[in-house]
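Undergrad: Please take these sequences and the hints and turn them into a complete structure.
Protein chains: 4
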Amino acid sequence: MPRMKAAIFVEPGRIVLDDKPIPDVGALDALIRITTTTICGTDVHILKGEYPVAKGLTIGHEPVGVIEKLGSAVQGFTEGQRVIAGAITPSGHSAACLCGCPSQDGGVNRTGFQAMGGWRFGNTIDGCQAEFVLVPDAMTNLCPVPDELTDEQVLMCPDIMSTGFAGAESGRIRIGDIVAVFAQGPIGLCATAGAKMSGATTIISVDGIAGRLEVSRRCGADITLNFHDVDPVAEIMRLTDGRGVDVAIEALGTQGTFESALRVLRPGGTLSSLGVYSTDLTIPLGAFAAGLGDHRIVTSLCPGGKERMRRLIGVIRSGRVDLSAMVTHRYKLDDIEAAYDLFAHQRDGVLKVAITP
Amino acid sequence: MPRMKAAIFVEPGRIVLDDKPIPDVGALDALIRITTTTICGTDVHILKGEYPVAKGLTIGHEPVGVIEKLGSAVQGFTEGQRVIAGAITPSGHSAACLCGCPSQDGGVNRTGFQAMGGWRFGNTIDGCQAEFVLVPDAMTNLCPVPDELTDEQVLMCPDIMSTGFAGAESGRIRIGDIVAVFAQGPIGLCATAGAKMSGATTIISVDGIAGRLEVSRRCGADITLNFHDVDPVAEIMRLTDGRGVDVAIEALGTQGTFESALRVLRPGGTLSSLGVYSTDLTIPLGAFAAGLGDHRIVTSLCPGGKERMRRLIGVIRSGRVDLSAMVTHRYKLDDIEAAYDLFAHQRDGVLKVAITP
Amino acid sequence: MPRMKAAIFVEPGRIVLDDKPIPDVGALDALIRITTTTICGTDVHILKGEYPVAKGLTIGHEPVGVIEKLGSAVQGFTEGQRVIAGAITPSGHSAACLCGCPSQDGGVNRTGFQAMGGWRFGNTIDGCQAEFVLVPDAMTNLCPVPDELTDEQVLMCPDIMSTGFAGAESGRIRIGDIVAVFAQGPIGLCATAGAKMSGATTIISVDGIAGRLEVSRRCGADITLNFHDVDPVAEIMRLTDGRGVDVAIEALGTQGTFESALRVLRPGGTLSSLGVYSTDLTIPLGAFAAGLGDHRIVTSLCPGGKERMRRLIGVIRSGRVDLSAMVTHRYKLDDIEAAYDLFAHQRDGVLKVAITP
Amino acid sequence: MPRMKAAIFVEPGRIVLDDKPIPDVGALDALIRITTTTICGTDVHILKGEYPVAKGLTIGHEPVGVIEKLGSAVQGFTEGQRVIAGAITPSGHSAACLCGCPSQDGGVNRTGFQAMGGWRFGNTIDGCQAEFVLVPDAMTNLCPVPDELTDEQVLMCPDIMSTGFAGAESGRIRIGDIVAVFAQGPIGLCATAGAKMSGATTIISVDGIAGRLEVSRRCGADITLNFHDVDPVAEIMRLTDGRGVDVAIEALGTQGTFESALRVLRPGGTLSSLGVYSTDLTIPLGAFAAGLGDHRIVTSLCPGGKERMRRLIGVIRSGRVDLSAMVTHRYKLDDIEAAYDLFAHQRDGVLKVAITP
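Chains A, B, C and D are the protein sequences, given in the same order. With the working numbering applied, the first sequence closes on residue 386, and no number is skipped along the way. With the working numbering applied, the second sequence closes on residue 386, and no number is skipped along the way. With the working numbering applied, the third sequence closes on residue 386, and no number is skipped along the way. With the working numbering applied, the fourth sequence closes on residue 386, and no number is skipped along the way.
The set of hints was computed from the structure by calculation and includes no laboratory data. It should be emphasised that the depicted structure is a prediction, and the values quoted were computed from it without experimental measurement. Some hints could be false.
Below 30 Å or equal to it, Euclidean Cα-Cα: the simulated DSBU-like pairs (lysine-lysine) are [as the list claims (entries may be wrong)]:
hint : chain 1 : residue 1 : chain 2 : residue 2
1    : C       : K98       : A       : K98
2    : D       : K98       : B       : K98
3    : B       : K49       : B       : K84
4    : D       : K361      : D       : K34
5    : B       : K361      : B       : K77
6    : B       : K361      : B       : K98
TA: Right, dumping it as structure tokens:
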């Protein structure tokens, strides 16, 4: 049985490169030979034991690669095609998919919905920090990559870009909106780019790292605030003459950013939350207008599926957005443990690392 | 200067019937002679000093009456017409109004939005528990009442019905949805009726008072749960085979009902909040799927304006919904202090009281 | 090779009962033993040669039956379960499905969309006026039927009810809307029921057959107009004081009904079109306000998929709508040619016929 | 009584500069001293007698100016402020306004809606090709202009830009959409810019004038097609691999462009129509998929009101869009007849003319 290298979760604190069998290909699956992948903040949560996964699982949910083998029932693709798949791999046929909520796909045996049920790679099935990955429901999830784009150019599509853009889309940003984006890590930067794509005309981004605020400007921020220099809530209210913003995007996952996002929201505005929280959240009574402010709080899990990927690739291809500056470091799969070390400690101004076998 | 009787806030614990001048009519105003009005739960908050208003203010925001006098710039109405006006009286010309958020109207001198800014009667201007009330921006707010409907039949339109229905509408209920409504006071009952009007096919309502659950069935509930008998969260999850509901409406304003509404929500579902909270709220991490459940939390302040009133009167007129059972007690304006006493203590199975001068 | 009886298109004017092999079951398919089915107006178009299909094709797209055999890759169902499938059978994995437009499913080998591409039964693959039918993409399309409902109670779900309700939904009817429905055949009657479910408070239905207008009242019409007695356009404008309706539903497919629907529409209103047209359409300049009326014209093809079917079954089960009066005649499959004869000539007040093997 | 110069409709073929009294200022009005205005294609229709207005009416609906005098009931503005008002001046208090359809404002004495009822300047009341114009419902319609922007920079906001952007917005363009825009006159160019602001990633624009296609590229078109060189329908279908576009915008008002827009639409796509038609329209049966293509045809009248103007000014201010290249010619009000002559004959590559008193 042929074997491959894979980054495997062993126990909290340890993700190691090991080898395991190349998986068999079921009727609806596709086996992809990974050519480029990356590490996500969620993977670091897994590494630290903050998000539990099974021991022995291959980590990673951002695949770029080439179709090695197609399942017997898969039509519409050919072996050798270069493809990506989203971090979230909806089945296409679940109640959740058919009800407009594919990320919350409950699986074939349920009539209902399961929170985060659509997130399978590196969560409930083996992921893609490996030489090969099995893509389930391949007809729903594989998306061809045009020749003119490099692996790195589409590397953000599966997760970071899809999630960040969803923050703008779920917030239902309209032309002329004033938008604040709290935190300018990879997802926050993509949310900033997504807000610009959606028609926001004043985008105020907030972070504590000057280098990220610089990238933020290139992604579309009109005004950047370093929270070491100003109180972002007070400053945003000043900049908007006390009106507040139409949409505030939370892109970190803490009480502080959540609460700030709510405090700068105009009555009738929308808080679009992207962060993964690790504690209960508090909604302050005043900022919430006692429940009478016509506020909306919306959350989004990264949208997946081949059509989503096609659209995001279209954005890259059009030149409307350039996310190539996001890849700050490159590693071989053999050195992925070093890549985790750099990324987990956010050293050297890292935004995203590209991993190639 | 002619004077009138009015229920006036004196200090926490005291709303008294007193007399004050009949107000002058400005260019955009209409003076209405009140024929029927009622007391709202919010008025009880004012009475108890939980919601601050100016001393001497006339309380009440649910007017049915007859046009006594029109302002010089008001067109399209005639003196003597029977009308209602919403509890919320948007100007029609503010940025908030023109941006689709009239309840959060910021007033003429602001370019922006003000939380609850559209609520003026019995809050920032004199209300309608009186012989006369001045309706501001009359062209935006007066709605004629058809002869065939009695005062009591339209008495719920200005606030209770508009708010309750907004809970269903903001939740974007679709045909075939499963909906839970937490609390079956007047607003919760109207939310139940609104959920049925919106196409929900399984409506589960929750309260602790058997009489209210009976009325709830007549308003459209398919299943009623008395929280003295069952744990509503567990029971709703059982009834839905672990799936949860598409939309949960909160109609009380407590941490308990808010949290229960979130706990019964399917991934991708909407919590539509109507209650007036008096404390900070906690969002439990698990029920919120750590922010990854594609959940929406939406809040609604009672929609006002003459077009809203026209539509609600249309609902009553069509016979689709019968809210006349909501008026359980009747008082003269002279006896309004006794009415407050009954209503504030929720004695004798009271739902709503009708007050007539 | 076992054989079965099936109603087969031979040539324009001839659909005959013949026998053909029971089909093989592919990996994603399910073989259903039909227990009840019906004839649709579209089938009559096929019979008359107005809509071309391949010779030898089995006709029919409204199946109720029992799972006889499941494909090797199908999970989540068991043989022996009673099920329905929609008239439209989207794959679940096409670009159209993933883009929110499953009825226009372009098939596995296309990246795009195909008009009516989701309609396969009795159009591009064998249909269900037979002893057995093969359901493609079974995991996306099979929907269990609760024991408490009879075959006839769910017989309208696959097409008539799904289409009629879509007319109300695509029209985005809101609480308090005034709605006109032109033509009260089976689809128009379901559109009337769907308009009521969506919150319309004045529903005006139009037809030329008194019996249908009677059924229309039971489905939710508040006012019925017989076009032999009144000019529907003039009468609707009179009934609405010259305002027009918020939403007009066209449920026949002729220039006359299309144009009338446009003529009664208020500026800013929506014409929701359900009919299958057989000629070019003319939009009169005046009724269209020269293109400046903020009008919308929307068309809907019957939505399919198991989640849609589940919701419609939920409507039936809730008792909100009772469509059982729609089945006016019953035939054995052996007598289906007689059933076609009755239905094609609209004799004896026929609305829908139930066909059982 | 003081008098002013104004461009007045005398009879078909004749708009002349004459003088008339400066109007009195009603309670809700504002008198604006015009500093810059322009001529619209609609004005040319009026000139030619194709759109009837009263003899003696002042033409023009695109005002930039300074508040000369405020009505007695107008608050929130000060005399001397520089402002614009939209071409459409909704009242703010009509049923249409309160129902989300302000452009179709039916006036104070109607409960309903009137096609184009919100268009008053140069249609039902005196317009702004004059030294002064009276803005009705001033609190709803006046929008301050920031000092940093010139008159010419905001001159497109009242009509061209608001209309063109509405084409993109009503089409509900999403990130990643493929969009075609038929005709690249001033409105089509703004529609192209609006499509880009809305997230379209492939914008294909069509016109017959090379100069306009050049401007179109600067406004956001990715591909431009000159219909003298290629068949736009065939070429768009080729460019999209037979898929068609998600949204097609019609910006001329002819059967040819309307029909082409429909023919390039994917099933499930939206035809967003902006043109002012002068004949009945034909919908070809095939392109319309016999009514079964899930197509939408939406029309938009230029949105007005101060909040709309504020948002468009925000777009200009943000630098996202630069429409200053649209002003190709400049005239004094005294020479407006010459300006009409140039503009009506589309000489010298004219796009828009700036008129200053």
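Undergrad: Each hint should be assessed against the structure and marked as holding or not.
TA: Structure-based check of all given hints:
1. K98/C - K98/A: holds, 28 Å
2. K98/D - K98/B: This hinted pair holds, its Cα atoms lying about 28 Å apart.
3. K49/B - K84/B: holds, 13 Å
4. K361/D - K34/D: Within the cut-off at roughly 12 Å; holds.
5. K361/B - K77/B: holds, 22 Å
6. K361/B - K98/B: holds, 24 Å
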